[in-house]
Every structure is written in structure tokens, then in C-alpha cells.
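Listed here are the chains, written in short residue letters.
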Amino acid sequence: MMLIPCPFCGPRTESEFAYGGPVRPPRPDPATTAEADWVGWLTEVPNPLGPVEERWCHLRGCGSWLTLWRDTRTHAIVGGPQDAE
Amino acid sequence: MQRYSLLSLLRHGLNRHTTWAPAWRSPPLRERYDVIVIGAGGHGLATAYYLTKEHGITDIAVLESGWLGGGNIARNTVTIRSNYMRDASIPFYVKSVALYEQMTRELNFNTMHSRRGMIDVIQTWGMMRDRRRRQHIMDLHGSTYEQITTAELRRRIPALTGGGAEARLPILGGFIHPEAAVNRHDAVAWAYARAIDAMGGEIHQQTPVTQLMRGPDGRIAGVVTPRGVIRAPKVAVAVSGHTTTLTETAGLRLPLRTMNLTAFVSEPVQPLIDVIVNCPDAGFYLSQSDKGELVIGGAPDPGQSFRRDIKQTVFEDTVSAMLSLFPAFKGLKMLRQWGGHLDIAHDASPIQDETDVPGLFVTAGWWGGYKAIPAGGLTLAHLVATGRPHPLMAPFSIKRFRHLDYVMESGTTTAR
Ligand SMILES: Cc1cc2nc3c(=O)[nH]c(=O)nc-3n(C[C@H](O)[C@H](O)[C@H](O)COP(=O)(O)OP(=O)(O)OC[C@H]3O[C@@H](n4cnc5c(N)ncnc54)[C@H](O)[C@@H]3O)c2cc1C
Ligand SMILES: [Zn+2]
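Protein chains in written order, with my numbering: chain H, 76 to 160; chain C, 738 to 1153.
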């Protein structure tokens, strides 16, 4: 069971949260972006055996959104991209 | 190949089963093949089988990091069906279901195919609309979907006692998909392995590929394994959830992410449910195995995952959803749980194509892709052998993303 740090309520159990998808870089301007980069932004996310950055929402709580890094092998919440479990 | 029959069973039985020939060999690994297939799961094995059977290519090595048939094919809940949503998808799955139905005869191996039908239990009007839409599209492509009343649904599934007028989501009706079936996953893997071996192909277990190798011209040149470098002008990647791990070693990026889908089984009970029951609004599905266990699945873990066990939260959600419709199952003991790494594409449809690395093929995004194994092998073998996509797979090329021509598929997951 993950304990997810809500910015408002503090650490709360995972079952109170909804997954909000991977964090993506800001939307580039398609008019000035190379086609491959534009398609990449639309369709690709990093898929590592390791930390990913993602959004979660404290849906069954206060409703706050937050961003965290989570290791896909263990589901442990880690400090950042280099901080593999 | 030593054929299996009642007579052979009697003959070897009299010899106390000591005289059976091994179903496949373990030949020495060579340095070069015409085609390397990475992954001895369902898709890799079916591909190797059809490369020989349909195209006469016999110089094939299937390389498997673990043991054959030990990946997701061993972890799936064996629901075979063609009730998908899109014009591009349905004909492919209709073909795959048909190939499964003839597999026992074709491969002389009892795959225990049991065409028992699947019933969708509908509890919201949004889902009702989704299923009606699917029905109209399935009608076009020869896959059967029929609406049934709640009374008929309860007649066919007597154990389904929840979802009454007082429930939070009363049952509105159901849809039945009669072609749906279950079979025996080990038998499918072993039947293909035995047929590949008999036709001259090789399967090498305990042979993980650590790196894809490109030649100076950029083409695929072979693969690196702890047992040495193996060369081939054509390499097909059929490794399910680890596709991107492997294709990144050739500098490729693909619109795939890996998730953990899980299942669990109960203790065996008397025959109770003779159809596959799918409850998309509640969020679970189940069927009863020949041993009597209820095989139960729900939603995947939220977010990307390379874990292979069920999370407590997912387990609790699935169990409480199941008890809302099958309250009597409260007394059931659960025996085992597990998960598997599955990759899913941006639009939830499969990707099967030659990549930007000439000679390197991928078959991926097989979320719920057990049902797709025979047709997926048929189409990939066609592409590898002829260089042209099989008509059933043509809509699922990688180029669709380049053209932003997604095949958004909501029929992919059973539960939701
Ligand atoms: C819980 C669960 C329930 C499911 N239920 C259903 C269902 O009811 N119906 C349905 O249609 N589908 C279902 N599926 C999906 C189905 O299991 C997969 O889509 C399908 O098995 C994937 O294709 P495969 O058989 O080729 O994969 P796998 O069996 O995973 O084969 C891939 C093989 O590649 C090997 N491999 C990986 N990396 C390497 C490497 N570097 N070198 C060499 N070998 C490598 C692996 O060891 C593995 O044996 C379910 C999956 C799960 C996890
Ligand atoms: Zn909160």
C-alpha cells in the first residue's frame, strides 16, 4: 500500500487517490515543431524500469492535485528520476 | 512428430508412460539464422509456426529469457472473444477466434477449447449505449452480440443475485457474445512449440536478449545474449511488456507503456457458472475453470508498473465489486493472485510493423492479446516473410501515429 503525500492532508493511503496520468512537458507549438517531435509529444511517454513522474488527485479527500516520482518496479515513492529504489 | 491419439495413449500407458518422445528438442545454439523471434510467448511461438507453415521458412530461432510459455501467456485468464469496437479490430479477432477453434485438430494437441459464451452485465445507460454501438459494428463483420433481458441474464447466471432494484446500480440488461471461449494456455504454447520443432525450427530457452545489434548500414544485424552474439537479417520482437526495454537498445522510441494487470482464483467449488461473466460497470469479470476455481480479474494497477503481484487496493476494489453482484461469494476462500507486465499503445490498439530499423519487426501493445495469438502470429509471419502487411493487420502499423490516424479501441479491456 502506498502512502501518498497530499500537500494539504499529509500522507494518506493510496485508496483515497485517483491516478492522473504521466507528467508531460509543456505542449509545443505544432506550427514550429518538427513533425517527429510533435507526434512524440502527443503519443510517447517514458516507460522505464525505474522512476516515472506522474499526477495524482486526492479524490476521496480534499481534492488536491500533486506530482510525485514513483518507481515502476516497486511502486515506492522516490525523490526524483535518479533515485531508483 | 509423434502423433497423439487414443491409441498412442494406450500404448505408452502400457509402458507406464516411459516411452513418450520429448515434444521438442533442445538443439545447440548456432551463430546465424534467417529469422530470430525474441520471446517464446504466444505471439512469438505463433509467428515462428506460421513462418514455416505458410512461408516455408525453417531456419528460425525463437529466443526466450525464461521458459517457453512462462510469460503473460501463463498469467492470463484465457478469455477468447471478438466483441471489439472498431471496424479495423473486429475482422482480426473474428479470424483469431476461428483459428483457435480449429487449433486442437490442426496441431494434434488438445487445447481444451470450450465455447461457452460471454455475458456482459450492464448497469448504466452509458455502457448500454456503448454495447449497442458495438453490436451494430459487429453485425457488419460477422461477430455475434445480442441483447438479453435482466430476467434471461439471471436465468443463465443463477449465482448472480445482486444488482436488484434496491442496488446502487440496478442491472439494466445484458449482452451475450456466443463465440466467446476459454481454453488451456499451456496447451496452446506447447502445441505450437511441438509443431515448430517438428517442422525444423528451434526454440532456445534461458536465452535472454540483452541488446539489439545494428549493422553499419543501420539495418538489424542480430542480437546479443549471454550465450553469445546471434546474427540474422530479420528479427521479430514479441516480448510483451518489455518491448520498449528492448527496442530502446536499438535507439527506437515507441508509443507504448507497461502496466500490471492482475487476477486471482478461488478455491474449487461445484459447477456453478457455465459462461464467462463480464461486469464492465462494476469493474470485474470471472469464469469457472475446469478444476472448479473461479478465475477473477479486475482493473489494472493505476499508472505504469513492472510489478507482478496484485495491490491490496486493487484486490479490495475487485472483491467488493464482485460481492455487489455475487453476494454469496463472500464465503469463498481465495487461493492465488498474480499479475503480468502488459504494454498498451497510445490508442489501446496493437502495433505490428517493421520499425525504422530495417529488418526489425515488433508485435506489441497486446493488452488482452491472448485471444489474438493465432491471428497475430499469422499476420506477423506474413509481414516478415513477404515484407507487406497482412490485410487484417494493415490498420495497425506504426505509421498510424505519424498520420495521427489512431485506432481508439474501447473493446480492449474486458472489465472496463
Ligand atoms: C492477469 C492477466 C489476465 C489476462 N487475461 C487475458 C484474457 O482473458 N484474454 C486475453 O486475450 N488476454 C489476456 N491477457 C493478456 C495476454 O496474457 C497477453 O496479451 C499475451 O499473453 C501477450 O502475448 P505473449 O503471449 O506473446 O506474451 P508473453 O507470454 O509475455 O511472451 C513474451 C515472452 O518474451 C520473453 N522475453 C521478455 N523479454 C525478453 C528478452 N529480452 N529476451 C528474450 N525473451 C524475452 C518473456 O519471458 C515471455 O516469455 C491477460 C494478461 C494478464 C497479465
Ligand atoms: Zn488531501
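Treat the hints as calculated values from the structure; they're not laboratory data. Please note: incorrect hints may appear among the correct ones.
Partial list, computed: chain C residues near chain H (C-beta under 8 angstroms) [as the list claims (entries may be wrong)]: (1) P1039; (2) G1040; (3) S1042; (4) R1044; (5) H1083; (6) F1138; (7) R1139.
Covered by chain C, according to a simulated footprint, are these stretches of chain H (three or more residues, beta-carbon under 8 angstroms) [stated by the list, open to error]: (8) 90-101; (9) 138-144.
Bear in mind that the values here come from a model prediction, so they are computed numbers and not experimental data. Each residue gets a CB set at the ideal place from its N, CA and C atoms; glycine is no exception.
Quiz item: Any CB of chain H closer than 8 angstroms to the CB of R1044(C)?
Solution: 6 angstroms, holds
Quiz prompt | Given hint H1083(C) near chain H, where the shortest CB pair must fall under 8 angstroms | solution = 4 angstroms, holds
Quiz item: Should the hint that S1042(C) touches chain H count as held when the rule is a Cβ pair under 8 angstroms?
Solution: Since chain H brings a Cβ to about 5 angstroms from S1042(C), closer than 8 angstroms, the hint holds.
Quiz item: Does the nearest C-beta of chain H fall within a distance shorter than 8 angstroms of the C-beta of F1138(C)?
Solution: Hint on F1138(C): holds, closest Cβ of chain H at ~5 angstroms, below 8 angstroms.
Quiz prompt | Within 8 angstroms of chain C's CB atoms, at least three CB atoms from the segment 138-144 of chain H: coverage verdict | solution = Since 0 is below three, the answer is violated.
Exercise. Go through the hint on P1039(C) and say holds or violated, using the shortest Cβ distance to chain H against 8 angstroms.
Key: 3 angstroms, holds
Quiz item: Quick one, is the G1040(C) hint okay against chain H at 8 angstroms, beta carbons?
Solution: With Cβ-Cβ at 5 angstroms, under 8 angstroms, it holds.
Quiz prompt | Hint check, R1139(C) versus chain H [nearest Cβ-Cβ separation less than 8 angstroms] | solution = 6 angstroms, holds
Practice problem: Count the residues of the segment 90-101 of chain H whose CB lies closer than 8 angstroms to any CB of chain C, then report whether that count reaches three. | Solution: As far as the segment 90-101 of chain H goes, the hint holds, because 4 residues have Cβ atoms under 8 angstroms from chain C.
Violated hint: 9 only; the structure is consistent with all others.
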